[in-house]
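**Q** All chains, full assembly: derive it from the sequences and hints.
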Amino acid sequence: MDTAKAVKAALARNQGREGALLPILHDVQDALGHIPRAAVPEIASALNLSRAEVHGVVTYYHHFREEPSHGPVLQICRAEACQSMGGDALWEHAKTLTGCEVEATYCLGLCASSPAAMLGDRLLARLTPERLDERLQALLR
Amino acid sequence: MNKLYIPQDSAAVAVGADELADIAVASGAAVVRTSSRGLLWLEPLVEIDTPAGRFGYGPCEPEDLPAILAGSPEHPKALGLVEELPYLKRQQRLTFARAGITDPLSLADYEAHGGGQGLLAAKAMAPAAIWQQVLDSGLRGRGGAAFPAGIKWRTVAGAQADLKYVVCNADEGDSGTFADRMLLEGDPFLLIEGMAIAALAVGAARGYVYVRSEYPRAVQVLGEAIEIARAAGWLDGFDLEVRKAAGSYVCGEETAMLESLEGKRGIVRAKPPVPALSGLFGKPTVINNVLTFAAVPTILARGPQFYKDFGVGRSTGTMPFQLAGNIKHGGLVELAFGITLRELLFTYGGGTASGRPVKAVQVGGPLGTYLPESQWDIPLEYEAYAAAGAVLGHGGMVVHDDRADMAKLARYAMEFCAIESCGKCTPCRIGSTRGAEVIDRLRAGDAKQEILLRDLCDTMINGSLCAMGSMTPLPVLSALNHFPKDFQS
Chain A
1 MDTAKAVKAA LARNQGREGA LLPILHDVQD ALGHIPRAAV PEIASALNLS
51 RAEVHGVVTY YHHFREEPSH GPVLQICRAE ACQSMGGDAL WEHAKTLTGC
101 EVEATYCLGL CASSPAAMLG DRLLARLTPE RLDERLQALL R
Chain B
142 MNKLYIPQDS AAVAVGADEL ADIAVASGAA VVRTSSRGLL WLEPLVEIDT
192 PAGRFGYGPC EPEDLPAILA GSPEHPKALG LVEELPYLKR QQRLTFARAG
242 ITDPLSLADY EAHGGGQGLL AAKAMAPAAI WQQVLDSGLR GRGGAAFPAG
292 IKWRTVAGAQ ADLKYVVCNA DEGDSGTFAD RMLLEGDPFL LIEGMAIAAL
342 AVGAARGYVY VRSEYPRAVQ VLGEAIEIAR AAGWLDGFDL EVRKAAGSYV
392 CGEETAMLES LEGKRGIVRA KPPVPALSGL FGKPTVINNV LTFAAVPTIL
442 ARGPQFYKDF GVGRSTGTMP FQLAGNIKHG GLVELAFGIT LRELLFTYGG
492 GTASGRPVKA VQVGGPLGTY LPESQWDIPL EYEAYAAAGA VLGHGGMVVH
542 DDRADMAKLA RYAMEFCAIE SCGKCTPCRI GSTRGAEVID RLRAGDAKQE
592 ILLRDLCDTM INGSLCAMGS MTPLPVLSAL NHFPKDFQS
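Protein sequence lines, in the order shown, are assigned to chains A and B.
Sequence positions in the first sequence follow our numbering and run 1 to 141.
Sequence positions in the second sequence follow our numbering and run 142 to 630.
Among the hints, a few may not be true.
Unchecked claim - Taking CB as the label site, the calculated pair distances span: (1) G120/A / V166/B: 19 to 29 Å; (2) L418/B / E18/A: 12 to 22 Å; (3) A38/A / G444/B: 52 to 62 Å; (4) E18/A / P214/B: 51 to 61 Å; (5) P41/A / D190/B: 51 to 61 Å.
Unchecked claim - Output of the computed footprint for chain A on chain B, the stretches with three or more beta carbons under 8 Å from beta carbons of chain A: (6) 306-316; (7) 395-405; (8) 550-559.
Stated by the list, open to error - Covered, in the sense of this in silico footprint (three residues per stretch, anywhere, with C-beta under 8 Å from a C-beta of chain A), are these stretches of chain B: (9) 151-159; (10) 536-545.
Think of the hints as simulated: they come from the structure by calculation, not from any bench.
Cβ coordinates follow ideal geometry from the N, Cα and C atoms, glycine included.
**A** Here's what the structure looks like:
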C-alpha cells in the first residue's frame, strides 16, 4: 500500500475520535510497517497540529519506527526478570542472527517464563540460544 | 467425547498452548480455551474433566496428548485434581477467582461464576453510596502509589463538569509483573464491570483503557469483551474504549498516560492540579490500575466488610503477587496482605529455578528495592514495606540467584531510567546518565565515586517530578547498601 492511501484510510477510520493521533499512527504503521516522513504533513493538517508536533510524537514512542524493518522484528526482553534467567546470553546470541531485525524491549509480561521474546506478534518464552534458533527456524521458514 | 481445557493466556501460548489445542481439536476432542490458573511453571497446563473435577497435566508437549485423552492418572505429567494443588488451594482468590476456569469471552461463563453481581448492586444504589462502599473497604490503588480509591472517587464525584472520565491504567511496564495482562486476557469482564461501577459512582460518561503495545493479545481480547458487554447493555451511558500505548514505560505514570491519551508525547505533568479535578482533556478523571478496578465488583457484591476482613492494618483486601525471574514455581499468588516474602519464595515459589541460593529479590518492579535475606520476613503490606525503605509497587517480585552482579543490576536501573525518562525534569533526564557513568567508575576501582553516587541519588529522590526519577535510586542504593562487595573491582 502506498503512503497516501494508508494515511487516508487511517484518518477516515479515526475521524471524530478524541486524542486520535496515536490510533492514527498505529493504523499507519500496521498498514505500512513504519511511519514514513511523508505521512506526517497530511496527518498534521488533518488534526490541526504542526508537523513538528506529529514528528515529536512519532519519535518519542519506542514502538513507532520511521524506517522499514529489515525482515521480521524480533524483540528480545532485556528487563530484570529475563536477565535473572540468562537474558544477557540470549541477547548476545540474538544480535548475531540474520534474517530478522533484532530489537531490545523491556518486559513482555512473561516474567515467570523468562527469558522471553516476541517475533512480530508471536510470543516465545523459556528461551535459550538453542531454543530460539529452533523456534526461528520453524517460524521464519 | 473428552473435554479438554487449554489456556489461551500469553504465557501458555508462548510455550506452545495453541499448537496443543490444534492437535487436540484435530484428534476429535472438545477443547475449551480458558484463561490461565497462574501456575505458570506448569504451562501449558492441560485439564480434562473427570467425575471428581478437572484433572491436570503439565507442562505438556504434543506427544503427551494421546495419553491425556486416554485419561492416564499415572502419566509422568499428571498433577492430580487441579483445585487440590497446594499452590492453588492455599491462595485467597477474589480478583482471580475465575482464573483458568472460564472462557474469557463468555459472558455466560462469567455470570455463572459470580460475575456481574457488583454492577447489579451498584445500579440499585445512589452514586454516593457506591463510592462510600469503596471507601469503607479500604481499597488502595494497586498500581503502586496505594492511594485510597474511595477518596479519589469521592473527589471526582464532587467535581462539577459537563463531562467526566474513567481511565484504566493498563500500562503494566514493570518487569516481574503480569497480573494486569492475565486479567485483561483472562477475565476482561471483571475490569469492565469495575469501570462501569466507577462511572456510575462519579457520573462519568466516557472511559478508556490504556493498554501496552507489548500486550497485543490483551488489546484484542479486551476490545472484543467491550463489544460483548456493550451488546449486553452493561455500558449504557458509558462509552468505553481500548487505547493501545506505544512502548513508553513512563506512560505508566498517570499524567504522562493522560498526555498520551490526548495524542501527545508522554511527558509528565506537574501536580497539582490532580487528575481527579483536572485530568483527561482537563476534565475530572478517575484513574486506577487494572487490579484496583477489578477489586471493586467483589466489594459491591459482597460488601466492604467482607473485603476489609482480608489483609492487615491499612493494607486491606488481597494482592495478586507475582513470582518471577529465577524462581522454580513462578506464577500468580493472590493472598491477603501480610504474608512474608520468605513464605512466598519458598512455600510457594520452591526456591530458585537454577537450584542455587537466592541472593536478592527485587520487589515492586524496576523502581523497587532489592531485598537481601535479612528483609524477607517483613510482612508484605504497604506500611511495613515503607518503613523498611521498600515498596510493594504492583506486587511483582523478581528473584536473583547468587550469581547476580548487583552493581550491574544497579547500573541497569540507571540505564533503564535514561532510556525511558520523559526528559521533562533534569534530575531524571541527566541524573540517570550520570548515574550509570558514576557506577562504571566505581566498579573500575575509584572508591570515592560512592560519595558522588549517593549525592546524585539524593538529588534524584528529592528533585524529580515523578516516581521514574525519584525511585530509580531505590534499586541502586539498596544494591549498594546490601551488596557493597559487588561494587568493588
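**Q** Decide, hint by hint, whether the structure agrees.
**A** We went through each hint and held it up to the structure:
1. Taken as a hint, the range 19 to 29 Å holds for the pair G120/A and V166/B, whose Cβ atoms sit roughly 24 Å apart.
2. A hinted range of 12 to 22 Å for the beta carbons of L418/B and E18/A is consistent with their spacing of about 19 Å.
3. For the pair A38/A and G444/B, the beta carbons lie near 59 Å from each other, so the given range of 52 to 62 Å is met.
4. In this structure the hint that E18/A and P214/B lie 51 to 61 Å apart at CB holds, the actual value being about 56 Å.
5. A C-beta distance of roughly 59 Å is found between P41/A and D190/B, which places it inside the suggested range of 51 to 61 Å.
6. Only residues whose beta carbon comes within less than 8 Å of a beta carbon in chain A count, and the segment 306-316 of chain B has 4; three or more means the coverage holds.
7. Here the segment 395-405 of chain B counts 5 residues with a CB under 8 Å from a CB of chain A, which clears the bar of 3, and the coverage holds.
8. Only residues whose C-beta sits within less than 8 Å of a C-beta in chain A count toward coverage, and the segment 550-559 of chain B has 3 of them, enough to reach three; the restraint holds.
9. Look at the segment 151-159 of chain B against chain A: 5 of its residues bring a Cβ nearer than 8 Å to a Cβ of that chain, three or more, so the hint holds.
10. Against chain A, the segment 536-545 of chain B contributes 6 residues with a C-beta closer than 8 Å to a partner C-beta. That satisfies the three-residue criterion, and the hint holds.
Consistency note: the structure conflicts with none of the earlier hints.
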